[in-house]
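Peer 1: Assemble the complex: chain A is given as a structure, and chain B must be docked to it using the hints.
Sequence order for the protein chains is A and B. By this note's numbering, the letter at position 468 of the first sequence is numbered 468, and the numbering carries on one by one without gaps. By this note's numbering, the letter at position 240 of the second sequence is numbered 240, and the numbering carries on one by one without gaps.
To be clear, the hints were calculated from the coordinates, so they are not data collected in a lab. Only a predicted model underlies this, so the values are computations on that prediction, with no experimental measurement involved. Here a beta-carbon is modelled for each residue, glycine too, at the ideal position from N, C-alpha and C. Keep in mind that a hint or two might mislead.
[To be verified] Partial list, derived from the structure: chain A residues whose beta carbon lies under 10 Å from chain B:
no. : residue
1   : GLU233
2   : ASN234
3   : ARG270
4   : HIS275
5   : ALA276
6   : LEU280
7   : SER281
8   : SER282
9   : LEU290
10  : THR380
11  : SER387
12  : ALA390
13  : ALA456
14  : GLY458
15  : LEU514
16  : ARG518
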Amino acid sequence: MTGTGQLLRLILRRDRVILPIWVLLLGLLPQLYLSAFQGFFASDAERIQYAHVSAANAGFAGLYGPLSGDSLVELVVWRAGALPVMIGLAALLTVIRHTRAEEEAGRSDLIRATVVGRWAQLAAALLATLVAGLVIGLLVTGTMIGSGQPAAGSVAFGALFTLSAWVFAGVAAIAAQLTSSARGARMIAVLVLGVSYVLRMGGDISAIGDGRLDWLAWLSPLGWVQKIVPYAENAWWPAVLALLITVVTVAVAGALLTRRDLGSGLLASRLGPAHAGAGLSSSLGLAWRLHRGLLLGWTAGFAALGVVFGGVGTSVVQLAENSSSVSEAFSKIGGSGSVTDAYFATTAGTCALIAALYAVQAGLRMRDEEQNGHAELVLTASVSRFSWAASHLLFVLIGPALAMAAEGALAGATFGDVGPVLSAALVQLPAIWVLGAVTMLLIGMLPRFAALAWAAVGLSFLILIFGPLLEFPGWAMDVSPFTHVPQLPAAAFTVVPETVLTLIAIALAGVGLLALRRRDIPA
Amino acid sequence: MTEAIDAEGLIKRFGKVTALDGLDLQVRTGEVHGFLGPNGAGKTTTIRVLLGLMRNDGGRVRLLGGDPWADATRLHRRLAYVPGDVTFWPNLTGGEVIDLLGRLRGGLDPRRRDDLIERFELDPRKKGRTYSKGNRQKVALIAALASDVELLLLDEPTSGLDPLMEEAFREVILQEKRRGDRTVLLSSHILAEVEALCDRLTIIRDGRSVETGTLSDLRHLTRTTIRAELTGPVNGLASIAGVHDLTSTDGRVAFDVDHEALEPALKTLVAAGVRSLVSQPPSLEELFLRHYTRDEASR
Numbered sequence: 001m002t003g004t005g006q007l008l009r010l011i012l013r014r015d016r017v018i019l020p021i022w023v024l025l026l027g028l029l030p031q032l033y034l035s036a037f038q039g040f041f042a043s044d045a046e047r048i049q050y051a052h053v054s055a056a057n058a059g060f061a062g063l064y065g066p067l068s069g070d071s072l073v074e075l076v077v078w079r080a081g082a083l084p085v086m087i088g089l090a091a092l093l094t095v096i097r098h099t100r101a102e103e104e105a106g107r108s109d110l111i112r113a114t115v116v117g118r119w120a121q122l123a124a125a126l127l128a129t130l131v132a133g134l135v136i137g138l139l140v141t142g143t144m145i146g147s148g149q150p151a152a153g154s155v156a157f158g159a160l161f162t163l164s165a166w167v168f169a170g171v172a173a174i175a176a177q178l179t180s181s182a183r184g185a186r187m188i189a190v191l192v193l194g195v196s197y198v199l200r201m202g203g204d205i206s207a208i209g210d211g212r213l214d215w216l217a218w219l220s221p222l223g224w225v226q227k228i229v230p231y232a233e234n235a236w237w238p239a240v241l242a243l244l245i246t247v248v249t250v251a252v253a254g255a256l257l258t259r260r261d262l263g264s265g266l267l268a269s270r271l272g273p274a275h276a277g278a279g280l281s282s283s284l285g286l287a288w289r290l291h292r293g294l295l296l297g298w299t300a301g302f303a304a305l306g307v308v309f310g311g312v313g314t315s316v317v318q319l320a321e322n323s324s325s326v327s328e329a330f331s332k333i334g335g336s337g338s339v340t341d342a343y344f345a346t347t348a349g350t351c352a353l354i355a356a357l358y359a360v361q362a363g364l365r366m367r368d369e370e371q372n373g374h375a376e377l378v379l380t381a382s383v384s385r386f387s388w389a390a391s392h393l394l395f396v397l398i399g400p401a402l403a404m405a406a407e408g409a410l411a412g413a414t415f416g417d418v419g420p421v422l423s424a425a426l427v428q429l430p431a432i433w434v435l436g437a438v439t440m441l442l443i444g445m446l447p448r449f450a451a452l453a454w455a456a457v458g459l460s461f462l463i464l465i466f467g468p469l470l471e472f473p474g475w476a477m478d479v480s481p482f483t484h485v486p487q488l489p490a491a492a493f494t495v496v497p498e499t500v501l502t503l504i505a506i507a508l509a510g511v512g513l514l515a516l517r518r519r520d521i522p523a
Numbered sequence: 001m002t003e004a005i006d007a008e009g010l011i012k013r014f015g016k017v018t019a020l021d022g023l024d025l026q027v028r029t030g031e032v033h034g035f036l037g038p039n040g041a042g043k044t045t046t047i048r049v050l051l052g053l054m055r056n057d058g059g060r061v062r063l064l065g066g067d068p069w070a071d072a073t074r075l076h077r078r079l080a081y082v083p084g085d086v087t088f089w090p091n092l093t094g095g096e097v098i099d100l101l102g103r104l105r106g107g108l109d110p111r112r113r114d115d116l117i118e119r120f121e122l123d124p125r126k127k128g129r130t131y132s133k134g135n136r137q138k139v140a141l142i143a144a145l146a147s148d149v150e151l152l153l154l155d156e157p158t159s160g161l162d163p164l165m166e167e168a169f170r171e172v173i174l175q176e177k178r179r180g181d182r183t184v185l186l187s188s189h190i191l192a193e194v195e196a197l198c199d200r201l202t203i204i205r206d207g208r209s210v211e212t213g214t215l216s217d218l219r220h221l222t223r224t225t226i227r228a229e230l231t232g233p234v235n236g237l238a239s240i241a242g243v244h245d246l247t248s249t250d251g252r253v254a255f256d257v258d259h260e261a262l263e264p265a266l267k268t269l270v271a272a273g274v275r276s277l278v279s280q281p282p283s284l285e286e287l288f289l290r291h292y293t294r295d296e297a298s299r
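Next comes chain B alone, as it looks inside the complex:
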């Protein structure tokens, strides 16, 4: 089994609203896979379909080699889920919730549990209603991470955590990654987090996947920003297909260039004589924004 999650052409409708409109998602066993999209793009709905909480109206989905709807209970022994908006029982303490969820999944490692509680600085004796959002999230994270499962489904797990705890979360996930036997689907819109943790990622929008691949794959699809100071006049830059937004003043040029046009553009600059050069690779942020603003404009 090389694919922990394999979904193709997922469709899910709520009445007249189409939440998923032919979504594809492939997550390989052992990888940390980023799942990006703006609010309302269908991230949570996809995860709920993967969990067998909701049934897809169309398309094909396999999870850990099984059917998430029909084999839900059996598959759930092998995975743990952290919802985006965690709430739990007001009269149960955090420690009780961690133990309960762990036991329901078939047991959890008590040493790891205590280790994680310390790491995330959680007081497990507080009652559910007295926890802040971030602390409720920690409870669900600890319950998930302390369980001995193959697959972690994390729906915006750090949206309520402070920067220190976000860092702790990253460390724990990187540790998991080094172990190599856990697959993680990480839905997020914190791009730095995805950049730091994920092997591959899928970007969705309006219930459809718009990009998928490794970060460097995706960077190929985007432009590098070049700023240069030249010793002589430059000719022919504007005529290279793939050079955009060219500005030129007093021997300074600045432009964005597509991946394929990088080489001819640089050759042209070298021919003119380069005094200094700054090149900025596309960040995930730009990638993300470009996708949405472009699509927004074309709508």
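Here chain A stands alone, though its shape is the one from the complex:
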């Protein structure tokens, strides 16, 4: 493991921007939730009622996990229940970025030829990620104790976050040994994360009902860390279990590393066709090949989300109809109207934000193609810049639309009322397109800063999550395109904002396309 220290410094240097961002963001979010909740309830009675209703809500149990009690800090822990997924994602991406991605790019050959041990690269990547996870946990523990919460519970809360990072760092370390491509390794690790989330979701929803399937949560590392139940139980044995799995996965990854050559994976890559199919004969055909995996993945994921949201819609009706505080809580986020209407308006808005991530991801493929030198091959083979960009742009626009339609249709079908739920999803499209068009604009005009498109989605996310809770001024809310979308089915459909958003999207994408035609490639 000679050279680990130096490689660790290299990682910290390369990630000096992104690493502090996710560590700080994820570490400080619980504190933000705490402040938000403190202002949210007028009285203790209101909070207790909110907790009771929420605890019995299957949808919330699915998204956030079980709610252990009615104290303020338990509400915070429960609300932060979706964050371990984010932490796991950040951890696994970091590990793969500094192991398999380096190897695939051929930079590992350079490093490994110097005085660096066989395990040094893996050790450095893991060390950076494990320390980042530890810092997140310490931030949580520190801010919670600083806000006057019990120390033991705060340590347990921090451990929950830290272990979420550790377990998936270990999973990623194994995934990085299996495939020869970083993309394949990411897919495997993200799949493990996704399955863990779904298993935990199933177990926790079942626990609220008849409890026959609550063992499902025990199959998921995300379930284990949640069994720590900070502030209520502070159980240590699930933490030990998670720690054990971290040690085992890291050891397995280290052992696998010695069984393969540099650059190769344990899963051999298969041979493909020697001739191109008839579809692969235009820039559109190529774009389909490059985007179809994303499109199918996102659409399938959104369809699954739709089933969950639709199924939960039924329990929202049963649980919340007689509770004024819940109605009020929902209407604060989703506008006036019945509880279910507000619920579906909220889920549509949340899905739309996630779909905007897809739009940006699909748009930035174009920039990747340019930077990898792939665009050059196509553009010098008699494809105009316009049709090259338009082929990609098509998937930026249609991809999220298909994903939203799948979510809306399946949520509606599961709930038993397709029309309104599907429309609620579809009216979000113009706002998603605006963010897709922002990506195109950046690629055309500020190619080196194209990744700022993520920030645009991040900003919209912050406005949606914290705006109503912290009562942002109107102009700040208006920055997000999602603010302007009619909150169907809770509100009525309005033509003007939809048209204006669509026109803005067309204008931004148009300017981006024109700018792309005028600049150097690669830039």
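Peer 2: This is chain B only, laid out in the frame that chain A set:
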């Protein structure tokens, strides 16, 4: 149309860096033209301007009679390009990439495609990420050579090939040359390759052309090395303008001589009586090195 490429005074800046600083390049239709220069001299930038990927900030450029920036798409039907650093899509096979690029250009000759695949010993069923640099280069070369185009722009096409494949590449280009209807711009710094293949060449440095012409034209500009064993004493060699680095010991002389001074120098040697004589014409290598070391020294 006698000139496939005609660029004059090309200027290209990237921020404060001037990549091309008044570069001239003339390539005649039907010739194989060598394009030489050290790393960072501006070869790739020039080719990108010729391809309309980048717009020149100054100067004039015509490609196949058109404007490479404005008529890019139309002109690209008539040319094929092999980048110096070929990468392609990790999930597409080599065969798929060859077909795709050929179809985008308006079709490729399937028999020639298969012939070239065999010649370059490429397995077209492998996925993009599993190819080595040399194999990726082969894929791009096959896609370019199998297309029915007038102009080939090859940016260091053999930098990743092994000697056997380099030889195969030379044979294919010589074949193209015999057909006579294709123009090739070959950027390279493998001098033997340029010597073997090119009719004319242009040498650039720091974004500027420093020499252009046929190989023999350029040799005229350089010195021949002479070593001789003499029967009698020699007089007056040192006073001939154009004789350099003269050494003389025990009736052996060695010197470099400029092209124009070759005749008087030889006459002087003959007058002294020659026992043996070795003359070494300048290789492209020397030509190249001389240019850069001289310029390096004068900087």
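Peer 1: Take the hints in turn and mark each one as holding or not.
Peer 2: Each hint, compared with the structure:
no. : hint   : in the structure
1   : GLU233 : violated, 47 Å
2   : ASN234 : violated, 47 Å
3   : ARG270 : holds, 8 Å
4   : HIS275 : holds, 5 Å
5   : ALA276 : holds, 3 Å
6   : LEU280 : holds, 5 Å
7   : SER281 : holds, 4 Å
8   : SER282 : holds, 7 Å
9   : LEU290 : holds, 7 Å
10  : THR380 : holds, 4 Å
11  : SER387 : holds, 9 Å
12  : ALA390 : violated, 13 Å
13  : ALA456 : violated, 26 Å
14  : GLY458 : violated, 28 Å
15  : LEU514 : violated, 14 Å
16  : ARG518 : holds, 8 Å
Of the numbered hints listed earlier, those contradicted by the structure are 1, 2, 12, 13, 14, 15.
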